[in-house]
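Given chain A's structure and the hints, the job is docking chain B onto it.
From first to last, the protein sequence lines stand for chains A and B.
Once you know that position 54 of the first sequence is 54 in UniProt numbering, the rest is easy, because the numbers rise by one and skip nothing.
Once you know that position 194 of the second sequence is 194 in UniProt numbering, the rest is easy, because the numbers rise by one and skip nothing.
There is no bait here: all hints are sound.
The list that follows gives simulated cross-link-like pairs (lysine-lysine, BS3-like), each with its CA atoms no further than 25 Å apart: (1) A/Lys160 with A/Lys171; (2) B/Lys147 with B/Lys176; (3) B/Lys172 with B/Lys147; (4) B/Lys172 with A/Lys160; (5) B/Lys209 with A/Lys56; (6) B/Lys209 with B/Lys176; (7) A/Lys56 with B/Lys176.
Please keep in mind that the hints were generated in silico from the structure rather than gathered at the bench.
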Amino acid sequence: MSAEELPDLLLAVADGDRTAFARFYERTSAKLFGVVLRILPERAMAEDAMQEAYAKIWRNAAGFDARRGSPITWAATIARNVAIDLRRRERPAGRTRDEDFDFDALRDPQEVSAEQLAALRVCLDRLDADQRALVLAAYLNGESREELAERLGHPTGTIKSWLHRSLARLKGCLDG
Amino acid sequence: MADDIDMLAGEYVLGTLDEAERRAFERRLLTDPAAVAAVATWQERLSPLLLAVPEEAPSSRLWTRIGAGAGPANDNGRLRRWQVATVAAALVALVSTGVALRPHAGPPAPAPQVAQQAPSPLFQSVAALSEQGGAPALLVTYDRERKEMRVMPVNVAPRPGHSLELWVIAGKAAPKSIGLMREDGATELDRMALDLQQEMTIAVSVEPKGGSPTGLPTGPVIYSGRMVSLPTS
Chain A
1 MSAEELPDLL LAVADGDRTA FARFYERTSA KLFGVVLRIL PERAMAEDAM
51 QEAYAKIWRN AAGFDARRGS PITWAATIAR NVAIDLRRRE RPAGRTRDED
101 FDFDALRDPQ EVSAEQLAAL RVCLDRLDAD QRALVLAAYL NGESREELAE
151 RLGHPTGTIK SWLHRSLARL KGCLDG
Chain B
1 MADDIDMLAG EYVLGTLDEA ERRAFERRLL TDPAAVAAVA TWQERLSPLL
51 LAVPEEAPSS RLWTRIGAGA GPANDNGRLR RWQVATVAAA LVALVSTGVA
101 LRPHAGPPAP APQVAQQAPS PLFQSVAALS EQGGAPALLV TYDRERKEMR
151 VMPVNVAPRP GHSLELWVIA GKAAPKSIGL MREDGATELD RMALDLQQEM
201 TIAVSVEPKG GSPTGLPTGP VIYSGRMVSL PTS
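One chain only, chain B, in its complex shape:
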């Protein structure tokens, strides 16, 4: 399969994948570090050629357009590129012990440490979102009966002038926005119908204030993690 990734990544960098292949591969890049690495290697192999193309000065008007288009703030802080965001599913072990199905009715979802002592856990699926396998930055819990998702920041650096947008990636589907993160405290999302039969990845990207203008992540994806369903005994 390594060769397969390599040829796909090579064609991706060349730009010769067809539309459907390219989209599928881009979705894979959100969660597959090996594919990301293969793309980086191909870029490295071929880029000397790109830089050997003869220069050509653009018209002086162009800067006027570009300078005027630069918004008031960009992505401050030393974000890693979205390509290096990786899955940190192992971290869910943190909260995966002693968890049973919660009763149908109950108090609002508690913070994750409550789940560990957990007389009645309020979620059945969980994801720990981190940056490149680092310590978890966010903990996501999902209660499929109430269709509620709760996103708790554990260690999230503020991004002044930006919004952090949450995305769900179901199987091989395109990332779907599920909303913006609150700037303080936990974000609660209701009416979230997730099909947990599918592999589900939650990701966070840095977007302009108010969220992505395109419906797909436009800024770097800084955290991602895979949803894991907990034993229901």
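For reference, chain A alone in the conformation it holds in the complex:
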């Protein structure tokens, strides 16, 4: 099965087709679980998030709009948001992670164009190492502003202005 089939599967899911839903799950669950596990390293909690994410996918499949991105991006974004909500709910105090994010460990996904990822890499590389780490920890690990502030020993206001600076530079680089 090729990646081109995902939009068709999602259309069938929108019509309440359970077989299509099962196939959509088969095709996407490893990707989504990878995304969720970064945010919720405990597997039991990550599986709870997956269950909630796929319930949302089932309910809202008709809301998918192909003009606004690929099905896998849509589904991964839902999974990420569910996982972050769960992380914030279950750990209001925050649990610090001190592992550095290994940017090079990211593999080239088939679902996005190599150019797109390459452009993002180039632009992330242009950030200071600290700023890059901040963006990646927030986006991929789901760390909140407070968690970042605590882990890095800076006030939240400082984190916020660093994030804004990073976002502005990323934007300038990617759009420019």
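This is chain B only, laid out in the frame that chain A set:
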């Protein structure tokens, strides 16, 4: 202000807004197409990274849980995402001419076309709800003296197996459910005390039968529109 929206949207997508900021921004997303567009752009910018995360197969038990949890029906039809629902206040021009305060007592609220010939209009506020600025799908009228709201479908596609839930968003407050729409004909809601000094948005979301289980919209918001008070001379 564009930069402001952009930074807010960027932080929203990163997930680093604090709880209060996030809620405020999510409410803004219900009515501000520019904010919605900024979020979509940030998602587009960053999502390649999300998809580059190494895959990891979940346990085979997981599908059993998920498959069993999929209810009998989902949101059939080609709904747009709630993010693209926008305000269509301009459409109230349709009914905003020749309207005066109604006498205190009167017959039940008439259909909107009656208002145009209107010897005694029965409402002072109106909203036309549409999908992304399209033709109006619903007309909402509100009589503040009787505290009655009337929701008239003009062009609403049926959603089999679902309920359409009505929400009112007062200023920057969270959406508040005001009830489910009838499946046929106009929906009349009484004992509705709306503070019309505030900006008031009415929205319709697609929910499981019986309405949202969470007290907030869970399905796509398909129509929304802003309440406009009519001249009272």
